[in-house]
Amino acid sequence: MTTQLSIPTRWARFRDSYLLYSFKRTWSAQLCLAIFLCLVLAAFMAPWLAPTNPYDLSQIDILDSELPPFWIEGAVERYTLGTDAQGRDLLSIILYGTRVSLVIGFGAVILQAILGVTFGLLAGYLGGRVDAILMRLADIQLSFSTLMVAIVVGAVVKATLGSSFYSQYAVLMLILIIGLAEWPQYARTVRASVLAEKSKEYVDAARVMGLGSRRIMFRHVLPNTLSPVFVISTVQIANAIISEAALSFLGLGMPETHPSLGSLIKSGFDYIQSGSWWITLIPGAVLVVLVLVINLLGDWLRDVMNPRLYKG
Amino acid sequence: MIAFLTKRLMHAILVMLVISVIAFAIQDNLGDPIQQMVGQSVPESEREALRERLGLNDPFHVQYLRFAGNAIQGDFGYSYFYREPALDVIARHLPATLELVFGATLIIVLLSVPIGVYSAIKPRSPISRFFMGASIVGISVPVFLTAIVLIQIFSIGMKVTLFPEGTAWGGWLNATLSTQGGMPSFGRGQDLVHVFGYWDSNLFSAGGLRHLVLPSIALASIMLPLFIRLIRAEMLEVLQSEYVKFARAKGISPWRIYFVHALKNTMLPVITVGGVQIGTMVAYTILTETVFQWPGMGLMFLDAINRADIPLIVAYLMIVGVIFVITNTIVDLIYGLVNPTVKLTGKPA
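Protein sequences, first through last, are from chains X and Y.
Each residue of the first sequence is one higher than the one before, starting from 1 at the first, in full-length UniProt numbering.
Each residue of the second sequence is one higher than the one before, starting from 1 at the first, in full-length UniProt numbering.
Quick caveat, the hints were computed from the structure, so don't treat them as lab data.
A portion of the hints provided could be inaccurate.
Stated by the list, open to error - Derived lysine-lysine pairs resembling DSS-like cross-links, with alpha carbons at most 30 Å apart:
| hint | chain 1 | residue 1 | chain 2 | residue 2 |
| --- | --- | --- | --- | --- |
| 1 | X | Lys24 | Y | Lys122 |
| 2 | Y | Lys264 | Y | Lys250 |
| 3 | Y | Lys264 | Y | Lys122 |
| 4 | Y | Lys245 | Y | Lys122 |
| 5 | Y | Lys7 | Y | Lys264 |
| 6 | X | Lys198 | Y | Lys264 |
With the hints as extra help, turn the sequences into a complete structure.
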């Protein structure tokens, strides 16, 4: 009689994993994930949830500008969180702005991950000159902070292409800039774990079987290096959202007609001296909550999966 | 040691070369200098002659070498806006930025060492937990937002009416949480003390120091959580080591162990990370200076971008590059000197 060897399905493996076990027992992780999902859902459902459409000029009245949120005297009931300097409903524009910030954050991280994982895999597996060149490049880029690189690249691209062209394609530009500025983080992490995987027997076995380098790299080594990639991705999304906000705050990001959270903070800052603090501080609070829950989730993931990560 | 030194210097020179090529490529591709120099009515043949005479038709590498030769002598051309040598403009703005960085560093060192060490010695105390929680919040707040909140609280002032005014405790809470404001939040102020050359200082007068407080706190806020966490992590590791146990067994007082024996070894990685963070700090000065209109290099750079003042942009990139390369090289050298376990030549063991 032969016993059927049962291979667990992906779902079964996930159900029995330590990750899920730990998640069920960490209330802070559950809370953070809940808040994060609420924010993401609210942002992507903005066209249905938002009371007004802030991109539609016909719905905006300049006479409604700088109205305070509901708990302050002088508030208008229609505008729960008040209005900004152009008379746009703050709640609506924040929902739309969060969507822009999230799209750029995720887009930039996907680009970073594709670049960084490919380069890290090549550097770690091929070694030699490829490794030396790629890692020297990563070192140089990391020795300037990623934010600095992003600001400089953003400034130069904007100056080359002209302001109007830049703001027309701002989302794409920001994804490219932040993606290019931060790939070394991924490359170094992946390279470190590829170096550890490379000397294992399954790689030798695959090579003896006559498989090509490309197949071994992407089909055999790559899946085993993904858990640290997963962990730094959370922190990288938070970083990308902050970088986007910083670039927008400096005027190198989203234009005010199509604002992200960063450009909302920037446009509100001009009115803080006149007492309208809510235009800048409410989007600021949303930004902080968004980044904070992602960072806390990242902390929890790192504790659970505990890969060896770079300090700092 | 000599091999290590040469390797590091070669690396530094290589990085500077890369930066200068990038900076030159920017200068080469942005705008047409001929258009800036001559009027509309000048015919194309004249323009071409001028272009030839100025060497703008030379191949890329010839022009680059000319640019690099001038740059080494400190000649980055004239700023379009200020109409004076770009390097002079930067030299005028440098002291403001350096004083801001100095103020922030002072706050970071004075706060991160005691907090980090304390939370390593007593990792389970409520105070340590509070600081660990606060530090992750601190990492999540962008520096410009910290700056705006500081301005709202300490410069404009905040009247809290969250609690019922009628009751005694509500009124008291409102009064305690409300702030007067009044701290300066704009520029460097009038009370500057001239030291020498381009250096007008905020550090030597009460009014000047008051202007420095908020920007320094804002700039420090972004680095402080990182350093607290780093010092704590390193200290926790060091406290587990044999020599600390031995020192305890020998009967040396705990404070001496913590602050003399353990802290020394904790500081090694802190120096490396700290050196690298100077680079990050320069990026954050751009944001901080923008919020506070602090007339330093960062604000100057941003203005230069908005005015398309290309010589000034290029000069800033080169100067910042030099600052980065020098600090990174020095940090590496110090690390190699004080930590004998570092493999100096980088050869695999």
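Hint-by-hint comparison with the structure:
no.: 1; hint: X:Lys24 with Y:Lys122; in the structure: holds, 29 Å
no.: 2; hint: Y:Lys264 with Y:Lys250; in the structure: holds, 19 Å
no.: 3; hint: Y:Lys264 with Y:Lys122; in the structure: holds, 19 Å
no.: 4; hint: Y:Lys245 with Y:Lys122; in the structure: holds, 16 Å
no.: 5; hint: Y:Lys7 with Y:Lys264; in the structure: holds, 27 Å
no.: 6; hint: X:Lys198 with Y:Lys264; in the structure: violated, 37 Å
The structure is inconsistent with hint 6 alone, although it conforms to all the rest.
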